[in-house]
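Asker: Sequence:
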Amino acid sequence: MRPPVLLDLSPTRTVPFAGRTMGQWLTGILEEIRDLYRADQVPWVVGYSGGKDSTLCLMLVWMALAGLPPAERTKVVHVISTDTGVENPVVAAWVNASLDSMRRAAAEQGLPIEAHRLTPAVEDSFWVCLIGRGYAAPRPKFRWCTERLKIKPSNAFIRAVVAEHGEVILVLGTRKAESRARARTMTRHEKRRVRDRLSPNGALPNSLVYSPIEDLSNDEVWELLMQHPNPWGHSNKDLLTMYQGASPDAECPLVVDSTTPSCGDSRFGCWTCTLVSEDKSMQAMISNDAEKEWMLPLLELRNALDVDDDRELRDFRRMSGRLHPFKGRLVHGAYLQQAREEWLRRLLEAQTWIRENGPQYVRDLTLTTLEELRAIRHEWVYIKHEIEDSLPGIYQSATGEPYPDPPVDSALAVNGAEMVDTLREVCGDDEQQFLMIRELLGVERTFRTMTRRAGLFDALEKVVGKYAFEDEEDALDFALRREQHTAEVRDLPRSGARAAGEPQPSPPPEERSPREAETLAADLRAAGLVPADTSSDGP
48 MRPPVLLDLS
58 PTRTVPFAGR
68 TMGQWLTGIL
78 EEIRDLYRAD
88 QVPWVVGYSG
98 GKDSTLCLML
108 VWMALAGLPP
118 AERTKVVHVI
128 STDTGVENPV
138 VAAWVNASLD
148 SMRRAAAEQG
158 LPIEAHRLTP
168 AVEDSFWVCL
178 IGRGYAAPRP
188 KFRWCTERLK
198 IKPSNAFIRA
208 VVAEHGEVIL
218 VLGTRKAESR
228 ARARTMTRHE
238 KRRVRDRLSP
248 NGALPNSLVY
258 SPIEDLSNDE
268 VWELLMQHPN
278 PWGHSNKDLL
288 TMYQGASPDA
298 ECPLVVDSTT
308 PSCGDSRFGC
318 WTCTLVSEDK
328 SMQAMISNDA
338 EKEWMLPLLE
348 LRNALDVDDD
358 RELRDFRRMS
368 GRLHPFKGRL
378 VHGAYLQQAR
388 EEWLRRLLEA
398 QTWIRENGPQ
408 YVRDLTLTTL
418 EELRAIRHEW
428 VYIKHEIEDS
438 LPGIYQSATG
448 EPYPDPPVDS
458 ALAVNGAEMV
468 DTLREVCGDD
478 EQQFLMIREL
488 LGVERTFRTM
498 TRRAGLFDAL
508 EKVVGKYAFE
518 DEEDALDFAL
528 RREQHTAEVR
538 DLPRSGARAA
548 GEPQPSPPPE
558 ERSPREAETL
568 AADLRAAGLV
578 PADTSSDGP
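If you read the sequence shown in the working numbering, its first letter stands for residue 48, the second for the next number, and so on.
Hints in this document: simulated from the structure, not taken from any laboratory.
The reader is advised that the hints may include incorrect statements.
Stated by the list, open to error - Here are the simulated DSSO-like pairs of lysine-lysine, each with C-alpha atoms no more than 30 angstroms apart in a straight line: (1) K122 <-> K188; (2) K197 <-> K339; (3) K284 <-> K188; (4) K431 <-> K374; (5) K284 <-> K374; (6) K374 <-> K223; (7) K122 <-> K223; (8) K223 <-> K199; (9) K431 <-> K327; (10) K327 <-> K374.
As the list claims (entries may be wrong) - Label pairs and their calculated CB-CB ranges: (11) V473 <-> A168: 16 to 26 angstroms; (12) A351 <-> K188: 13 to 23 angstroms; (13) Q443 <-> R499: 35 to 45 angstroms; (14) Q531 <-> K188: 50 to 60 angstroms.
Glycine is no exception: its CB is placed at the ideal position from the N, C-alpha and C atoms.
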């Protein structure tokens, strides 16, 4: 019998700052930043989210510039922070105050640092997409929010800098220790470096990425933040307190060795985020601080959005009217009118309650802006043809105040509520007939205001086809029969002699001429199997 093998189970420890003291590491990184800054006239853009990593990254750049003679501070460093409009309100307030402090401090210290607060376009905002258009709450396979709320605003700013200067260097607080996926991505980009420490950006041409803290751990980040004052006057200890409040165990200790946990796992983001199973940071803030109980309505609304099966809240058609069967069921599309109206009501009620019952610093909290409400109203009345124009009534009911804008164009919604009541009475319980007639009226009123009414009949025909079903079961049966018929047509022989008198089958769609395709479409239409509109759409 072989003797047992003794395993060394003692905890492993990484050497802080790659074997150097914190002071040695700091001196080296500041000199590296200065060398890169002086190497050319390419402008810098520093990403700032208000979290620990971006704070430390900006601190290092700020300290490096402060150590240069004024004559060598030859190019502007842009600091950009993207406000999605649905950021955690505590973090959003922190970031906005920090940006104000940066502007004052940079002017006082004579540093070429400009702070920018970026926001998404109104038509891309979270509530216009979800409540206005009816996009379902984001999911991993339908992650529509990141592109619209974060990527587009920052990329637009970066492209503008590139257009003016030809190139840009992005300074980011990304670290390999954040996740394995991040480490793999950063390592892959390192191999393509054309200049020392500068990696190419895969999404933006003429942009290079510099990550000064890429090799630091969570503990090293906090050690640097706690040992060095914030150069624009925003307390790093308050940042530590914010992270502590967002940690479930309310612990964010001073790190003394590798076995001591840090609060690096706290994650701040959008309070509406449904891409995670639960918002642990908001829950922790509410649990750890009685003063933050005003955030409860936000948490409740976020949890209401995050349901496993929201099919009953969504139309069985896609936004274009297309039917999309999958595994014997229809893939549902946008939120129904009742659901969208309920989301708006709950959002405005939450805002009103917080303003009335929250602490003084949230008495003017805005969860959705007037510009967003106008865009939502436009989507409902002009795009979805919901001629009853229910938004002003919902606003007054939820806030206790009259909606500030005048009625919509009378050509589109005159006596909308009265007309809807009449339609309800005429259509009775036939919901699809009611929706079809209401949308037909909306389409006709839209075209009535146009000088040329070309396309009116096509638009009316599309509406009729969209509502040509009694209910979801009828639509599913149609979609499955159409799918089966299409599969049978595709499976017919493509070539070879046919028996005398036997009709030659149509070739598959990819082999048909336009005339043959039109003939097949006519045959399908005659058989009652006209496919729904297949134009691309959202949900």
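Asker: Run every hint past the structure and note whether it holds.
Answerer: Hint by hint, here is what the structure shows:
Of the supplied pair hints, the one linking K122 and K188 is violated, its CA atoms being roughly 42 angstroms apart against a limit of 30 angstroms. Distance check on the hinted pair: K197 and K339 sit about 26 angstroms apart at the alpha-carbon level, within 30 angstroms; holds. As the CA atoms of K284 and K188 are separated by approximately 38 angstroms, the hinted pair breaks the 30 angstroms bound. Between K431 and K374 the alpha-carbon distance is near 29 angstroms, which keeps this suggested pair within the 30 angstroms criterion.
Between K284 and K374 the alpha-carbon distance is near 54 angstroms, which puts this suggested pair outside the 30 angstroms criterion. A hinted pair counts as satisfied when its Cα atoms are at most 30 angstroms apart, and K374 with K223 does not qualify at roughly 40 angstroms. Among the hinted pairs, K122 with K223 is consistent with the structure: their alpha-carbon atoms are about 29 angstroms apart, no more than 30 angstroms. A threshold of 30 angstroms between alpha carbons decides the hint, and for K223 with K199 the separation of about 25 angstroms falls inside it, so the pair holds.
Of the supplied pair hints, the one linking K431 and K327 is violated, its CA atoms being roughly 36 angstroms apart against a limit of 30 angstroms. This hinted pair does not check out: K327 and K374 have alpha carbons roughly 34 angstroms apart, beyond 30 angstroms. About 40 angstroms separates the C-beta atoms of V473 and A168, a value inconsistent with the hinted range of 16 to 26 angstroms. A beta carbon spacing of about 21 angstroms between A351 and K188 agrees with the range 13 to 23 angstroms that was offered as a hint.
Remark: the range hint 35 to 45 angstroms for Q443 to R499 is upheld by a beta-carbon distance near 38 angstroms. The given range of 50 to 60 angstroms is broken by Q531 and K188, whose C-beta atoms sit roughly 26 angstroms from each other.
Consistency note: the structure conflicts with the earlier hints numbered 1, 3, 5, 6, 9, 10, 11 and 14.
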